[in-house]
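Heads up: the sequence lines are chains F and L, in that order.
In this text, residue positions in the first sequence follow my numbering: the first is 5, and each later residue adds one.
In this text, residue positions in the second sequence follow my numbering: the first is -16, and each later residue adds one.
Just so you know, these hints were derived from the structure itself, not from any lab.
Please note that the accuracy of each hint is not assured.
[Claimed, not checked] According to the in silico footprint, chain F covers these stretches of chain L (three or more CB under 8 Å from chain F):
hint : segment
1    : 160 to 172
2    : 211 to 217
3    : 314 to 326
4    : 456 to 467
5    : 499 to 513
6    : 657 to 663
[To be verified] Using 30 Å as the maximum straight-line C-alpha spacing, the simulated BS3-like pairs for lysine-lysine come out as follows:
hint : chain 1 : residue 1 : chain 2 : residue 2
7    : F       : Lys187    : L       : Lys428
8    : L       : Lys261    : F       : Lys208
9    : F       : Lys107    : F       : Lys208
Ideal Cβ placement from N, Cα and C applies to all residues, glycine included.
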Amino acid sequence: MKYLSSKSLSAVILAGAVSLMSTTTVRAADSTAPIVIPIHNWSSQIVMAYVLGGMFESMGSNVEYVPADSQAVYESIRNGDVTISHEVWQSTFGKSFYNAMTKGGVIDAGTHSATTLEEMGVPTWVIEKDLCPGLPNWEALKDCHENFTTPDSGGKGRWLEGPQSWHGNLMPERLEALGLADKWTVKFAGGADALWTELASAKKEGRGTIVFNWTPNFTDADGFTFIEFPEYTEGCRKEDGGDGKCGSPKGWLKKAANYKFPKTHPAAYTAFSKVDFTTTQIGQMAALVDIDKLDHKDAAKKWLADNEALWMPWTK
Amino acid sequence: MIETFRNNKLLQFIVLIAVFLALCYLITPADGNYFWRLPPLLKGLPLAINNGVDFLMFDWWLIDVYDPDIEEFEKKPLMKEITRAIGGFVLFLIEFVREILLGGVKTIVTFTSWDWATANPWARWPGLPWTVVAGGAAILGYALSGVRLALFVFAACVYIAVFGQWEPSMQTLSFVLIAAPVSVLLGLLFGVWAFKSKRVEAILNPLLNVAQIMPHFSYLIPVMVFFGIGDHAGAIATIIFATPPMVRLTLLGLRKVPAEVTEAGLMTGCSRGQLLRKVQIPSARRDILIGVNQVIMQCLAMVVIASLIGAKGLGNDLLIALNRLRIGLALEIGVCIVLIAIVLDRLSLAWANKQTDYFADQSFTQRHKFSLMFLVVFVVGVVLAYLGRFVFPEGFNYLYLIPHNKGITTEQFWQSGVDWVWETFFYSLKGFNEWFIVDVLIPIKTAFLNMPVAATFTLAMGAGFIVGGIRSALIVGGFLLFIALTEWWDRALITSYLMTIAVLISGTIGIIVGTICAQHSASSRFILTVCDTFQTFPSFIYLIPVMMLFGVTDTSVLIAIVVYATIPATRYTVEGLRSVPEALQDAVSMSGVNRVQRYFSLELPMSFPHIALGINQTVVFALSMVIIGALIGTDDLGQLILKSLSERTGVGNGMMLGLCVAFIGLAIDQILRTWANQRKKALDLP
């Protein structure tokens, strides 16, 4: 009964629409429905959201911003509640992005030139103080863990990794594979705030700390050195069947969009697919807020005004 | 011999603990040993829930709908269309209020279309200048209560505006102004329904329990799947969180209405509706008002969490500020949230307490004086805002809206305050922290993890049996069995370890502070205001200073939990002690006992049921904070709930994990509540 009624219903609508379709022509201009851009909680992403918003507005589109969790946003893009995401970091959001893509509804809208690195590292003053001679080479970790212990680490040195939602058990597996597990242990922080707090308090106290971090990021300004692990090769990670003896890849930074976006806003989508920022440009956007202390919106306005030569051609 | 054992509960507890310890000692930890850990039989359930939700949302009853934007037919599932329609309506209401306060185009678009609004750029709704809103709010305060409330409301508005938080505050306000009344109405509705029908009450009760204890993070994902992302989703999650206390308090209030009052109503010929509206609800006002207070507190406590699924405003700004470690800025935002909570609470309280004067014979101006006053404020405010355009040439019209970062800021002050705390206390605290972790926390955690499952069941069900007989034992056992059959038993043990320590500390502090403050009415009022403040003050803000001082460790997590979980312990102790009848106190004092004796022999036993409920709430608060603790870094259920935000099977995992947390709470609730009720009966309290 259920199937019958839904089928007959669809037949009626179909019949109605066939007659409609013959009369409508292909839409030339973009829809006026707003393009929904997500706002997450780090500076470069927010400024870039307003930059893209300004760019779309200059093309005559309507834009709307919505705060969203950076992991959960891909499910929203899939459902069409959010239109785009402009900073998909490979190692942190890659999983969520591909999960949503497998379910259907999200498309890959190209890659920025900026490469990202997401890796364990130390604030540069840790090296200057020589708390672990030999860094940034990872082999140095074999005999300096005493300088990185915490009360709850059971005498081992501590790696402060991001929440488990970011890369699962990657870091514990890497410690195991590199034979460091008897000297080091991994603690999962609850979020980025916890990482920055750890950096700030370790600096004040002058104690050693190894934290997960990424670049481009606002911490670059204070000096941050990533540990050089054995080079990443395709499939070297434990979860991909490798031996796990490798660091993180130079990651991509992608753009994602809802599958309807190219059809509803062809011009805006074309511009969005051309959008391409370098590491330096992303750093500039973040610096306008983090260092020059501008409001995110003002920073975007300033950036748009200063870089017309860059973004104007994308909109053509 | 057996007779003494049967009557002596203390003896029973001692035997129970002896058996428990023996079991811990005898059972060897091994993977295949079912006395050590039960097999994870429910492992497949999250995926099943997930598939069920997916089917319901995306595959069930597909309808072909023509989408003019992409000029194609699309299969749209019925359920999704329904939930999105509900979401759209809620969003419309929020946008409507928001645009009255701030201006915009969405409401106009709802009645026309984006095409039309884009073609007619003049069609924008102007927002009210902040001066008009502040003046209007003050007049409202004056009309409802008097000059004092008016001054307070006005000062709060000026604070928000001057600190440059006007826009996000109004965004938050518009969302609360929809979520709170809906919660109150739903709460009243369900409360009355449960009052009328035993069956509804029986169904509602467990649902309310779960909704109240389940961490809000775990239903964020389902809400997001069903309703999408945006202010409406935030509002819906908030409503789920804020309604249960309202239902409970409505029911409680209606129950307490004396039969004589109801009969008097019936005798005067009330219909059933009239009886409810004119007799029962007004008589139950006190408890219903506490419900309204709780709804407002809960709504504002959710502001930050709701921003994770798209609510605009203060919550989102707060998260962004914290992510850059700008504690001073976050603190200012937090103060705005608390101010909004207190203003709304006081205004709604004044409104409910206002008596209608049926006999006044007033002239037109007298009757409409407040509307006329508002008209004056409106005109003056608009004129000022218009003139402001010429006064402030740099593009920021301070008389219309003080922009986000152009207000006064005390950020530097707070920041240096945090630095000062760090420099002064860090080294002394460091020693304490190390001792606490190494000698207290780690041993307790290991002890919890080394508990064989059989021993845990014996202890919990045994306690249930001693307190409430076989029924309680079975209920407690059922809750535990569910957790034990998931693959997260060890995680649940870690959650229980954090919760147990936190409840011990919070309960002790709460009862002591509550007792001291309850001695005078002024200090009781003061401490209750402090409770309100901490309940709405976003706990995210103090996470950072705490993390600075204690690192990413369990100590930080515990401190965060304790700050929040001490609130109910204190509140209920104060209320319990203050409700001991004065006549009784006098009678006892006259029989010659001193102050301390009176406390231990009269006040404490008399208020014990109240305090027990307070401890019960402490458990609930502690469990709900476990998730916030996960933001610092834990390895318990909370961390997994956070993780489920990014998982493909997130809906199922999140719900199951949430249920695990809720069931820990419900098991404890069962024992404490039964005990409290028995004491109440023994003391012949209502």
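Review point. According to a criterion of three or more residues whose C-beta lies within less than 8 Å of a C-beta of chain F, is the segment 314 to 326 of chain L covered?
Key: violated (count 0)
Check your understanding: Do three or more residues from the segment 657 to 663 of chain L put their C-beta atoms closer than 8 Å to C-beta atoms of chain F?
Key -> violated (count 0)
Point to revise | Proximity test - 8 Å, beta-carbon atoms, the segment 211 to 217 of chain L to chain F, at least three hits | key: holds (count 3)
Check your understanding: Taken at face value, is the distance from the CA of L/Lys428 to the CA of F/Lys187 at most 30 Å?
Key -> holds (22 Å)
Exercise for review: Between the segment 160 to 172 of chain L and chain F, see if three or more residues pass the 8 Å beta-carbon test, and mark the coverage as holds or violated.
Suggested key: violated (count 0)
Check your understanding: Has the segment 499 to 513 of chain L got at least three residues whose CB is nearer than 8 Å to a CB belonging to chain F?
Key -> violated (count 0)
Practice item. Report holds or violated for chain F covering the segment 456 to 467 of chain L, Cβ cut-off 8 Å, minimum 3 residues. Key: violated (count 0)
Check your understanding: Between L/Lys261 and F/Lys208, does the CA-CA distance stay at or below 30 Å?
Key -> Violated, at roughly 64 Å.
**Study point:** Given pair status - F/Lys208, F/Lys107, alpha carbons within 30 Å
**Key:** Violated, at about 46 Å.
Going down the numbered hints, you'll see the structure goes against 1, 3, 4, 5, 6, 8, 9, while the others check out.
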